[in-house]
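Colleague: Protein chains in written order, with our numbering: chain A, 438 to 865; chain B, 438 to 865; chain C, 438 to 865; chain D, 438 to 865.
Calculated from the structure, these hints are not laboratory results.
None of the values given here were measured: they were computed from a predicted structure.
Every clue listed holds true.
Since the list gives no way to pick one copy over another, a pair counts as held whenever it fits inside one copy or between any two copies.
Restricting the straight-line Cα-Cα distance to at most 20 Å, the calculated cross-link-like pairs of lysine to aspartate or glutamate (EDC-like) are: (1) K675 to E721; (2) K675 to E700; (3) K863 to D787.
So you can see what is in the structure, the chains are spelled out below.
4 protein chains.
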Amino acid sequence: MFKYTNLYQWGWRLIVATTTLVAAVDIPVRLVLDYQSLGRVTGFDWFITLIFAADMLLNPALATRRGRPARDVLEAQANPGPWFAIDLAAAVPFTAFLALPPLQLLRLLKLARVAEMMRRWQRAELHNPNVIRLVVFLFWLALGLHWLACGWLSLRGVSPDVTEGTNYLLALYWCVTTLATVGYGDITPTTNVEVMYALLTISLGVGVFGYVIGSVASLLANIDPARVRHQEMVERVKAFMRYRQVPSALRQRILDYYEYLWEKRLGYDESLAVSGLPPSLRTEVCLFLNREIIQKVPLFRAASEEFVRAIALEMRPVIYMPGDYIIRAGDIGEEMYFISQGTVEVLSADERKVYAVLKSGEFFGEMALLFNQLREASVRALDYCDLYLLTRASLERTLVRHPEIAARITAIAQQRREENVQRQEKRH
Amino acid sequence: MFKYTNLYQWGWRLIVATTTLVAAVDIPVRLVLDYQSLGRVTGFDWFITLIFAADMLLNPALATRRGRPARDVLEAQANPGPWFAIDLAAAVPFTAFLALPPLQLLRLLKLARVAEMMRRWQRAELHNPNVIRLVVFLFWLALGLHWLACGWLSLRGVSPDVTEGTNYLLALYWCVTTLATVGYGDITPTTNVEVMYALLTISLGVGVFGYVIGSVASLLANIDPARVRHQEMVERVKAFMRYRQVPSALRQRILDYYEYLWEKRLGYDESLAVSGLPPSLRTEVCLFLNREIIQKVPLFRAASEEFVRAIALEMRPVIYMPGDYIIRAGDIGEEMYFISQGTVEVLSADERKVYAVLKSGEFFGEMALLFNQLREASVRALDYCDLYLLTRASLERTLVRHPEIAARITAIAQQRREENVQRQEKRH
Amino acid sequence: MFKYTNLYQWGWRLIVATTTLVAAVDIPVRLVLDYQSLGRVTGFDWFITLIFAADMLLNPALATRRGRPARDVLEAQANPGPWFAIDLAAAVPFTAFLALPPLQLLRLLKLARVAEMMRRWQRAELHNPNVIRLVVFLFWLALGLHWLACGWLSLRGVSPDVTEGTNYLLALYWCVTTLATVGYGDITPTTNVEVMYALLTISLGVGVFGYVIGSVASLLANIDPARVRHQEMVERVKAFMRYRQVPSALRQRILDYYEYLWEKRLGYDESLAVSGLPPSLRTEVCLFLNREIIQKVPLFRAASEEFVRAIALEMRPVIYMPGDYIIRAGDIGEEMYFISQGTVEVLSADERKVYAVLKSGEFFGEMALLFNQLREASVRALDYCDLYLLTRASLERTLVRHPEIAARITAIAQQRREENVQRQEKRH
Amino acid sequence: MFKYTNLYQWGWRLIVATTTLVAAVDIPVRLVLDYQSLGRVTGFDWFITLIFAADMLLNPALATRRGRPARDVLEAQANPGPWFAIDLAAAVPFTAFLALPPLQLLRLLKLARVAEMMRRWQRAELHNPNVIRLVVFLFWLALGLHWLACGWLSLRGVSPDVTEGTNYLLALYWCVTTLATVGYGDITPTTNVEVMYALLTISLGVGVFGYVIGSVASLLANIDPARVRHQEMVERVKAFMRYRQVPSALRQRILDYYEYLWEKRLGYDESLAVSGLPPSLRTEVCLFLNREIIQKVPLFRAASEEFVRAIALEMRPVIYMPGDYIIRAGDIGEEMYFISQGTVEVLSADERKVYAVLKSGEFFGEMALLFNQLREASVRALDYCDLYLLTRASLERTLVRHPEIAARITAIAQQRREENVQRQEKRH
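Let the sequences and hints guide you as you build the complete structure.
Modeller: Structure (structure tokens):
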């Protein structure tokens with residue numbers, strides 16, 4: 438976020454912007470409704486002059502940022518000529534010297550400064566582009582409509598039958614009905630100049646309409662990108678299933694799975710979002726994402742913070758459905774698993790005997806990695822299981838630096854192995 | 438899909454929603470057309486009070502789900518304060534205490550509850566987002582139009598010349614012509630307040646219009662995603678052919694191929710859709726997709742279910758056109774093929790002799806894999822051929838676990854080899 | 438493309454469709470303008486009856502396709518019930534039995550058959566989806582407008598002041614101005630029923646408008662996909678250059694390069710389009726794309742067709758700009774090059790001496806591949822060069838099967854090598 | 438860019454185009470407002486005839502391009518028949534022979550030539566497709582509106598009450614209000630022909646509207662693609678963080694990082710843009726992108742230009758945040774780093790001692806690469822650090838060709854190593 442050196446900067450810019458806006462709304466109205474008043478120098482005129490003059494002096498001083506000067510500021514300082522001319526033209530109270538009301542419109546040049554402030558604010562706020570773009574657009578649209586209405590009123594002439602407010606309101610009403618292509622037709626141009634003005638307004642209207650429609654569509658598409666991504670994924674799978682006429686029972690099971698993914702917030706491919714970050718942030722994010730499993734597994738709770746950080750980067754979530762084989766006896770083992778949620782059963786190779794049922798917080802599959810042997814038992818999910826997987830390479834890389842954890846894992850694995858041996862002896 | 442514990446929940450929520458909707462339609466109309474009637478307590482008023490009060494008591498009890506409580510419910514229970522205030526304000530029959538008709542509008546607060554129900558329903562139904570979004574939007578649009586019409590009618594005053602129904606219909610007609618930017622101009626605002634109301638309606642209209650156009654475009658694009666994917670693929674190939682000025686005869690053959698793909702429903706890259714699934718679902722889907730070939734090949738029909746499951750995961754469909762060489766004598770063989778549809782001929786290395794013609798359900802290319810030798814014969818497609826391919830690695834992985842199938846394949850291969858030897862001896 | 442067994446089928450279907458359309462246009466008009474006439478049985482009535490009855494009998498016979506029956510036909514034959522009812526209702530000349538004109542509208546049911554024909558035609562014509570979709574949409578839009586106009590006319594009543602044609606034209610005019618949201622307001626609904634009809638028309642209009650705008654946008658985007666792809670590529674590069682403020686001289690050279698790519702039609706990544714094709718088509722396409730180089734290189738002109746086919750699949754186009762080093766002396770060589778267009782110079786390792794200048798049709802870089810040695814000379818592009826590259830692996834794979842070409846390439850390489858040796862001896 | 442052989446070509450084509458446009462605007466207006474004048478041969482008529490006749494003679498001569506003839510020109514020359522007929526019909530002064538004013542419209546055929554010029558210009562200007570497409574569209578839209586207005590005026594008849602200019606303006610006004618779907622309704626068609634003309638105009642209007650809206654949306658999306666890319670990246674990360682409920686402190690740090698990326702213009706994946714370029718351009722771009730680091734590092738400033746070119750292609754920018762470990766003691770080192778901006782500290786393996794603090798222009802991590810040893814020290818970022826990374830393979834590839842640089846790097850590394858040894862000895 439763009440940070441001014443202090444609140445005074447913000448405050449000052451706000452005062453300048455507000456003054457400019459009041460002038461931008463007020464001067465055209467008075468030009469149309471009360472032409473003579475613009476020729477007189479009022480207190481408000483002097484106030485504007487004061488504010489704009491002060492801004493001219495303060496601006497260069499304000500245009501530095503904490504620490505490193507911003508690219509924008511450097512650019513602005515590089516060509517101060519035009520800005521100076523604009524600031525000057527807006528600040529001079531021409532009314533005091535020449536009684537020529539339209540010269541007051543020069544004060545509206547200061548809007549270029551406001552536009553630049555908004556552009557800078559917009560650049561800083563990269564993070565909500567659609568909303569900010571729409572707000573900025575609506576701001577300029579409202580100002581433009583005001584000017585269009587003033588222009589229409591000046592062409593049409595102020596009707597003495599109704600109040601000034603009603604006159605202005607009807608002009609605004611005509612502009613809006615025309616821009617929005619409603620075109621009731623109760624107020625229509627009569628003179629040639631009015632017709633030309635109407636043509637201009639309509640041309641603007643089509644562009645504005647196109648912009649609004651495009652922006653609304655874009656806004657809609659970005660309200661909840663995570664949901665959109667999930668829906669696209671589901672849509673793709675559904676299209677495939679319709680296309681190949683997958684039977685409806687299987688379809689339902691697949692859709693249930695995706696619903697489970699969404700409810701557990703697991704359908705999002707985090708690697709995509711995380712991979713762009715520098716190492717320290719990546720570690721923080723992984724620590725946060727895997728905090729649940731780290732708090733559950735007794736092994737990790739006791740470990741040093743450094744080990745936890747290292748392991749957090751390596752673990753990857755996987756989901757199994759009830760009945761899925763996670764490990765099959767006889768396979769070559771390349772991963773070990775930590776259970777975050779759900780229950781698994783450890784089965785003998787012939788699947789006749791259940792050796793153990795493991796729950797949330799426990800781990801399995803480490804023996805094949807530690808002793809370099811084939812899987813000795815099968816493991817099957819009994820419920821929806823959220824597991825965290827650690828590959829052989831990750832485990833070895835991490836344990837090399839943390840011999841104390843390596844010793845504890847080996848101890849548990851050794852104990853399990855002995856139990857297995859006893860079981861097998863008992864059977865024979 | 439979102440499952441309530443039982444039908445009673447659904448029923449009750451439906452009753453509450455219906456009552457709320459009737460009140461939301463009825464109260465504004467009476468406020469405009471029959472202001473006095475709202476001051477009197479009617480039977481319907483007491484009915485609403487009863488229903489809303491009952492809902493306040495029942496809501497916490499209903500807000501649990503079978504098995505695991507939903508994230509939404511937990512969130513809703515976490516901040517019950519605002520909900521309680523809303524429920525209470527909607528339930529109190531103010532008319533009974535204060536004869537102030539506009540207070541009845543507080544009952545419309547209950548719509549927030551209906552909105553929440555719909556939002557929840559929408560979340561559960563992730564699977565048809567475009568249609569549901571449009572339906573929900575049309576529902577709120579209709580309700581909003583009703584309120585806009587009531588507002589217009591109250592500003593404009595009820596004309597005594599025509600019936601109340603006609604009065605309402607004309608107000609609705611004005612709203613719709615304005616929102617849709619048609620703007621006939623037969624009814625136009627006259628007072629300042631009406632003009633402002635019209636401005637508001639027009640501004641809403643542009644947004645609504647943008648939303649409808651964006652939604653219709655999005656709906657159109659998602660009617661048949663499989664077809665859209667295929668069309669994009671064809672479009673890309675056609676652009677390439679135009680660009681490089683491929684002759685029209687070749688173009689036609691290529692387009693014929695894509696038509697064949699589409700008709701046989703083979704143009705869809707299934708790996709994309711299937712890869713995201715957990716193992717058990719992936720197996721089921723592959724079993725289903727390859728069911729045809731599994732039923733056709735005698736070897737598979739006799740095999741155990743476990744073998745069929747294993748092989749289904751490994752086979753990959755390929756298509757050859759008439760005249761394509763599938764295997765060339767002298768090459769190193771890395772795949773074997775099962776014929777799903779079409780005919781192939783087995784040729785001698787010099788292509789002078791046809792050894793055999795194989796049909797749907799037969800397989801070939803296994804010898805190079807089993808005996809680790811170069812291809813001894815060429816195989817050429819005689820027709821459009823839908824084959825299933827099995828790589829050497831897949832075959833070996835699968836046969837290790839199923840020695841009985843390995844033995845049978847080896848026997849057939851051995852027999853074919855002997856025939857080959859005899860043929861070659863005969864020739865010399 | 439969908440192929441009927443013969444022209445008779447096409448002809449017959451065309452006759453049925455035309456008859457149905459004439460009836461669909463004619464019957465509503467007569468219902469509004471000449472109600473009584475529908476009660477009389479005319480020759481046209483009997484003609485329709487005849488045609489529709491004949492179609493009922495012929496349809497099952499026609500619904501088979503040459504060779505394999507289409508999926509659509511099978512589906513249609515599977516549930517003939519509804520189709521039979523529709524055909525029957527449309528064929529019976531109710532006017533002959535009951536003098537009830539509106540019953541004639543039942544004949545419009547036959548449009549369901551026309552819709553089905555068009556849907557089938559649309560499915561077959563996967564290849565121009567946007568245009569066909571728009572044409573079909575415009576067809577139904579025109580028919581719908583006709584019906585809407587008839588409906589409006591029947592509500593409004595036929596004005597006796599003007600001719601029947603003018604009456605109809607004004608009704609159509611009202612429908613179009615309303616659907617297109619123009620809404621002049623010279624014709625507005627007056628009775629309640631008319632207002633409701635107008636509301637319906639406006640609602641339709643918004644949907645139709647959304648559809649047209651979405652379709653036009655989609656059509657625009659697909660007029661020339663190759664150009665769009667190229668423009669996106671250029672746009673991406675330009676954004677990058679602006680972003681990193683690449684100096685304008687370098688920018689211009691890069692844009693020149695992309696212009697050259699576009700003019701030579703080389704900017705399209707053909708692998709994307711070709712990779713999806715089965716082997717025989719891929720060969721044909723590669724042969725076509727590389728035909729220029731194959732005709733130019735004397736080595737290839739003399740070779741067998743089989744060799745040319747094999748080499749066409751392996752060659753890959755590359756472009757070098759003037760001054761680019763294609764080969765640097767001392768490097769490990771992994772590719773050889775054939776010159777399609779442009780000139781290159783062969784330089785000594787110290788770049789002091791130009792050994793040779795090679796032109797279109799010649800090749801270089803083969804020595805490092807054949808004799809397994811480091812690059813002995815540098816090669817530099819003198820002009821924009823379109824080369825075709827052949828990797829070591831590709832060359833070896835191809836030459837193994839074609840010893841006669843291998844011998845000739847080796848001979849040329851040998852000769853060049855000797856020249857090199859002589860040159861070096863001369864220098865020392 | 439499309440380059441004519443000289444300015445004369447440009448000039449001549451401009452004259453022809455301007456003459457054609459004046460005729461295209463003038464002739465329809467005179468046909469409507471001053472029908473008789475078209476029957477007389479004016480000086481302007483002879484001027485047009487002269488220009489068009491001269492163009493017919495000059496065209497073939499002009500249609501060659503510097504160096505290689507353009508594909509378009511070749512196509513145009515291939516079928517000169519139609520072009521000749523068009524040119525002739527436009528050039529003949531029919532008014533001189535036949536006093537039939539409408540024949541003058543044949544001169545508008547020359548617009549086909551102008552259209553072809555613009556199409557060619559558009560093809561050449563691939564580089565700003567959206568803007569050029571919109572300009573071309575607006576040009577034809579303006580011309581079309583002019584013709585539509587003339588047509589309307591001829592149907593409606595010229596009103597003698599107002600001037601000719603007003604007559605034309607009102608016709609144009611009607612066309613614009615109709616095309617833009619505003620439809621005030623103050624001018625509406627009265628005769629049947631006018632109604633049909635209005636229907637045609639409205640139909641055109643819907644298409645034009647769709648086109649404008651689609652184009653505006655497309656233009657908006659392409660104003661700043663680099664920003665759009667960055668915003669999409671940030672949006673994706675934000676969606677992920679919301680989805681997984683990352684705590685807000687961590688969120689803020691991640692967003693700060695992306696803001697830093699954007700401000701430093703480092704968020705753009707340059708490999709994407711650069712990879713498509715031929716070698717010489719790629720080198721130039723890399724030289725430019727890495728110019729900052731090349732100027733800062735003393736080692737590079739002294740090196741030969743060839744070395745700098747080679748190294749520029751190999752270096753890759755990386756960013757580290759304060760506190761990130763860039764190197765950890767004990768790891769296997771595969772990269773060395775050059776500091777572009779920021780400060781790093783070199784720490785002993787136990788992190789108790791700070792060996793050195795390195796600043797912009799210095800390098801580190803070279804020892805592990807040169808002496809094939811494990812990392813002996815840790816390096817940690819003290820600030821936001823923009824580093825350039827060189828892998829072991831890149832370094833070796835480059836140093837082989839530049840032994841003088843290799844010697845200097847080795848010397849510095851040797852010196853550092855001795856310092857390390859001394860430090861370690863001192864400690865013990």
